[in-house]
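Number of protein chains: 2
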Amino acid sequence: MASLDEGWADPARLYKEGRRARLLLDAAREAAAEAVGCRPDELVFTPSGTRAVHSGIAGALAGRRRTGRHLIVSAVEHSSVLHAADAHEADGGTVTQVAVDRVGAVDAREFAEALRPGTALACLQSANHEVGTVQPVAEVAEACRAAGVPLLVDAAQSLGWGPVGGGWSLLAASAHKWGGPPGVGLLAVRKGVRFAPQGPRDERESGRAAGFENLPAIVAAAASLRAVRAEAAEEAVRLRELTERIRARVPRLVPDVEVVGDPERRLPGIVTFSCLYVDGETLLHELDRADFSVSSGSSCTSSTLTPSHVLKAMGVLSEGNVRLSLPPGTREEDVERFLAALPGVVAGVREKLGAPVSAGEVLTREGDEALVVDALGRRCPIPVIELAKVIGDVPVGGTVRVLSDDEAARLDIPAWCAMRGQEYVGEEPAERGTAYLVRRVS
Amino acid sequence: MASLDEGWADPARLYKEGRRARLLLDAAREAAAEAVGCRPDELVFTPSGTRAVHSGIAGALAGRRRTGRHLIVSAVEHSSVLHAADAHEADGGTVTQVAVDRVGAVDAREFAEALRPGTALACLQSANHEVGTVQPVAEVAEACRAAGVPLLVDAAQSLGWGPVGGGWSLLAASAHKWGGPPGVGLLAVRKGVRFAPQGPRDERESGRAAGFENLPAIVAAAASLRAVRAEAAEEAVRLRELTERIRARVPRLVPDVEVVGDPERRLPGIVTFSCLYVDGETLLHELDRADFSVSSGSSCTSSTLTPSHVLKAMGVLSEGNVRLSLPPGTREEDVERFLAALPGVVAGVREKLGAPVSAGEVLTREGDEALVVDALGRRCPIPVIELAKVIGDVPVGGTVRVLSDDEAARLDIPAWCAMRGQEYVGEEPAERGTAYLVRRVS
Chain U
1 MASLDEGWAD PARLYKEGRR ARLLLDAARE AAAEAVGCRP DELVFTPSGT
51 RAVHSGIAGA LAGRRRTGRH LIVSAVEHSS VLHAADAHEA DGGTVTQVAV
101 DRVGAVDARE FAEALRPGTA LACLQSANHE VGTVQPVAEV AEACRAAGVP
151 LLVDAAQSLG WGPVGGGWSL LAASAHKWGG PPGVGLLAVR KGVRFAPQGP
201 RDERESGRAA GFENLPAIVA AAASLRAVRA EAAEEAVRLR ELTERIRARV
251 PRLVPDVEVV GDPERRLPGI VTFSCLYVDG ETLLHELDRA DFSVSSGSSC
301 TSSTLTPSHV LKAMGVLSEG NVRLSLPPGT REEDVERFLA ALPGVVAGVR
351 EKLGAPVSAG EVLTREGDEA LVVDALGRRC PIPVIELAKV IGDVPVGGTV
401 RVLSDDEAAR LDIPAWCAMR GQEYVGEEPA ERGTAYLVRR VS
Chain B
1001 MASLDEGWAD PARLYKEGRR ARLLLDAARE AAAEAVGCRP DELVFTPSGT
1051 RAVHSGIAGA LAGRRRTGRH LIVSAVEHSS VLHAADAHEA DGGTVTQVAV
1101 DRVGAVDARE FAEALRPGTA LACLQSANHE VGTVQPVAEV AEACRAAGVP
1151 LLVDAAQSLG WGPVGGGWSL LAASAHKWGG PPGVGLLAVR KGVRFAPQGP
1201 RDERESGRAA GFENLPAIVA AAASLRAVRA EAAEEAVRLR ELTERIRARV
1251 PRLVPDVEVV GDPERRLPGI VTFSCLYVDG ETLLHELDRA DFSVSSGSSC
1301 TSSTLTPSHV LKAMGVLSEG NVRLSLPPGT REEDVERFLA ALPGVVAGVR
1351 EKLGAPVSAG EVLTREGDEA LVVDALGRRC PIPVIELAKV IGDVPVGGTV
1401 RVLSDDEAAR LDIPAWCAMR GQEYVGEEPA ERGTAYLVRR VS
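Chains as they are written, first to last, in our numbering: chain U, 1 to 442; chain B, 1001 to 1442.
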């Protein structure tokens, strides 16, 4: 509020309001640099975390163009990183996506193996934005250092909790992710890193972020980063206990739930789980009615939710996906209220979904050994519900063939098999859509 | 303030705070589109006016790449437009800068003559940001329409006063220029205009402005635009009278002043003048001490001020340049206080500057007909002061040769000649710096 009154002027101007704005900007830069762990002249403010990522990747790639045009990213980066990688590929560059394991983490050795002589830049998030899994940044940074490749760390999810350790070369973050205002991102570029800003430039922010600085928001961003950091250690312990409670109790309270992400190496305030036989959007709306604002990585039911590339890369169930973000200050009683409400909400959604599909969709019975389920035209979670209904109808060793044209089935049918201990045989093209083959094991 | 409380959530989310944010965003877009005079789906919010210009130019050029890579801009566009033109040129495109007359206006016919078969885009500001001159946008738009070339109008200076008439194709503006918050620009792209957004994209703002929307600022921007528009007509009359008063009285109160810009076709609240024998930075600091916050297009004395490309293109004096911006609500008594203070301030600066150069710098006396003044190493306004001191020492018809290595002399010596009715003969390279030749006429 104070910076709205004090910081409206142009810091490039010489009159007193401009000089005051310059002082505020300098002070904000120093505070932010201290929190990041870099020099003030290595850090610029951008209009958003996304713009920090886009500018950082474009500038680092251009700065090392002579070395090569190979870019490495993890498969679970924020979309801003993946969009920048897409743009690089469209421009003739090459991109390697490093896979993640079932909890969403890259393997540092596997990441290092992607490094090659023509690698211009590698990107790795400090922690995942959907499932909270912390990435092995220090090990990856060490491998990049040894290979002479700069590492850009997207620290959007973790900067409020503490600085990113390890020898990163570039770092991007977003103020609204640590509870600061929208309209401010950070881009830090270590001295010595080759960097060539792309696009039109001006004299602001060392030529790395064009346009009139959003000074009130920048001041608020720096102040809020300092404020959340002051309570980060204590709050991390408290939120970690609350998310641990959710991780432990949800599978006991709700049948057929998969909690995803690393149980140990994770952010304090994010917890994500997926519920079989539930569509994410309906679940989200029902929770909203109960006054819980959650996100979902499901693509069920309607086009308003897009399937999560993170859950896909992890190979875990996406249907009925719920992502809880507990901001600092979240009260224990709200968590308890959520845990009390969830079972009824999920049961209600399942009941609703169960009804329209109660008439068997089994069309062809090929002897006793194989069943075909036609789920064409039906959206997630219907194909999985149909599969679950008929798996008991074939003998152990028999197969069910699920026909589906819903993209989510590709992820959710194998995930269901893993959860249920059934064998996922594979997929093959069908006359319409895709056929997913499941063998009954138990 | 209300939108900081109400509009913090992500408008892409489905929970109630997200839906409320979406409603706020939609309402802001409708209000802004109405003020611009376009459809809501033609308008996106960007992080600044500069980003709107950069994205608009890049997208329009890419959209018409098959037509050609020729870009037309006026010579007095905002630096954001010229930077985008530089980037286009660096990328292999061609750029034509259309000159302006002595009041800073382009000639619509001359602008039209720059159009050619390979022209992808033309850019013209609605009004100039330094001298307030209004450009003939409607005529230029008509010529562009006839040639099938889209016209991008940088309306940053004028949008608060009213919509831009004429058949523009793209329009850019900046909220903080109309008294709104920093962090918000507008980019309108008319339906049917070929447009290919450049750089990494995301799903926000129709793929034309990536990154989390700065919703509180967007809401405040739309509200403030509506508010200033409600009083624009009345306030324009009042401010125009105040700036007219400054334009008329400054030359009477202060000797050797040139008021610049169009006396009629101009913005209500901007007035710019240049004072001979004064350096802009000292003048600015002295006015600041008297509680007036003004800008300057001078490059005198130190590197903190860069020479104005606008004054240069107009061919007017840049030394001792003062730009007054009267925001809506400026009080008459403040204008009177300024007019009362200015003569003393200018006189004081002139006295200070006169002292160190009182010892004649005349080095060589080549007969009676020619004098050489060595002003090498001396910054503006010293070269002009030296010239003025010795012009009386040569007979009518005689010449003074001023040696200078200050870039401002190239602009200010011809401008002084025009103000003083002396003949500017031309410049030629000297052993050090440049020699400027002036013939005494009167």
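Hints are computed from structural coordinates only; laboratory data are not their basis.
It is possible that some hints are incorrect.
Unchecked claim - Here are the simulated DSS-like cross-link-like pairs (lysine-lysine), alpha carbons at most 27 angstroms apart as the crow flies:
no.	chain 1	residue 1	chain 2	residue 2
1	U	K16	B	K1389
2	U	K177	U	K312
3	B	K1016	U	K177
Source: prediction; values computed, not measured.
These are the hints, each one checked on the structure:
1. A distance of roughly 35 angstroms separates the Cα atoms of K16 (chain U) and K1389 (chain B); the hinted pair therefore is violated under the 27 angstroms criterion.
2. Distance check on the hinted pair: K177 (chain U) and K312 (chain U) sit about 24 angstroms apart at the alpha-carbon level, within 27 angstroms; holds.
3. With a CA separation close to 19 angstroms, the supplied pair K1016 (chain B) and K177 (chain U) stays within the 27 angstroms bound.
The structure does not agree with numbered hint 1 stated previously, though it agrees with all others.
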